[in-house]
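**Q** All chains should be built: construct the whole structure from the sequences, respecting the hints.
Protein chains: 2
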Amino acid sequence: MSLEQELKLERPMDDIHHEAILSIVRTAGLLSLKGSTLFRQFDLTEAQFNVLFSLKYKETVWTQSDLGKRLVVTRASVTSVLDKLESKGLVERRVVEGNRRIYHVDLTQAGRELIDKVEPRYRENIHEVTASLDRPTCEALIESLEKIRVQCTRPDD
Amino acid sequence: MSLEQELKLERPMDDIHHEAILSIVRTAGLLSLKGSTLFRQFDLTEAQFNVLFSLKYKETVWTQSDLGKRLVVTRASVTSVLDKLESKGLVERRVVEGNRRIYHVDLTQAGRELIDKVEPRYRENIHEVTASLDRPTCEALIESLEKIRVQCTRPDD
DNA sequence: GAATTATCGCTTGACGTCTAACAATAATTT
DNA sequence: AAATTATTGTTAGACGTCAAGCGATAATTC
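Chains A and B, in that order, give the protein sequences. FYI, the numbering for the first sequence is 21 to 177, going by our numbering. FYI, the numbering for the second sequence is 21 to 177, going by our numbering.
Possibly wrong hints are sitting among the right ones.
The list treats identical chains as interchangeable, and a pair is accepted whether it falls inside one copy or across any two copies.
[Unchecked claim] Taking lysine to any residue pairs in the SDA-like style, the calculated list, with each CA pair at most 20 Å apart, reads:
no.	residue 1	residue 2
1	Lys76	Glu66
2	Lys167	Thr157
3	Lys89	Phe73
4	Lys104	Gln129
5	Lys167	Asn145
Note that these hints are calculated values from the structure, not bench results. Keep in mind the model is a prediction, meaning the values are calculated, not measured.
**A** Structure, rendered in structure tokens:
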């Protein structure tokens, strides 16, 4: 189904750049929805999954700020999600000696076990959704999106 | 800047499909951020802008449900955003004779004037951000995203 | 025509996001 | 060393989103 049909537009889109942007946002929304549906089966939100997933694959010590940069989210948001995860016993904040301003964030054993359960289902989802895209197509997609991101973060804001 | 660098990954991404998905979500997030920054200058949120913009270009009569479908958002969300816009006098709910269950939604004069002011700035943003993508590249991008969306909405959820 | 089912808009409660501000603490400058 | 500036994590308040459930009303079935 084309974007025009999906969005119930009465006239065809005149602006291919605009159509591209809407496609990106719309696709991300649907991906997010599909993810949420999966994560809910494990009593997780998408944001909570993202934290667990990031922590699983980090290879150095991370502060909350580091996590925020990784997830592209403000420190305030990190605090909020971490509070939830900590109260579920999936994540811990560890005091850092020598710097009383920061915490180091890590999975607990329970957190590690949970993400290990969710991850295969998550990867299934990914591949299900991208199965029709071969490697060069993926690379082109990634490259185009990267070009857009570069322009998004130009120093004019 | 590549996605790996941006996200501070310690190891290269092994899975190009996964990378594609993360790129989409990340790009949409940045676009959303850039949009919000613009809209704030007009005392609008992104959601509110989306409503005004949709209403401007609709060519038939729309109920709140229609608007929700267009914006890919639940009816509850429509109610919420419309309450805000109505209280600002930018939008009106019109009673429909013959069907006491629905409202018809429309821009007010003030709403129309506001969206007419914001739209050129919005379109500038779009083109600024997509300037480096030529037409065939845009078409390929749109096509890839459409393939993903199709798989997102498969009847297995 | 009556009964059942579907749709519409609204409300509630949970969640994540943001901005703006704050106190505590580190880092830098002077 | 002292003063200034920057960073860290938190809080508060605003907003949009969703799921779930509600009552009112249409539409469909019987």
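**Q** Each hint should be assessed against the structure and marked as holding or not.
**A** Verification of the hints:
1. Lys76 with Glu66: For Lys76 and Glu66, the Cα distance is within 20 Å only inside one copy (15 Å; across copies 33 Å).
2. Lys167 with Thr157: both (16 Å within a copy, 11 Å between copies)
3. Lys89 with Phe73: Within one copy, since 14 Å is at most 20 Å while 32 Å is not.
4. Lys104 with Gln129: within (16 Å within a copy, 45 Å between copies)
5. Lys167 with Asn145: Cα proximity of Lys167 and Asn145: across copies only (14 Å, versus 26 Å in one copy).
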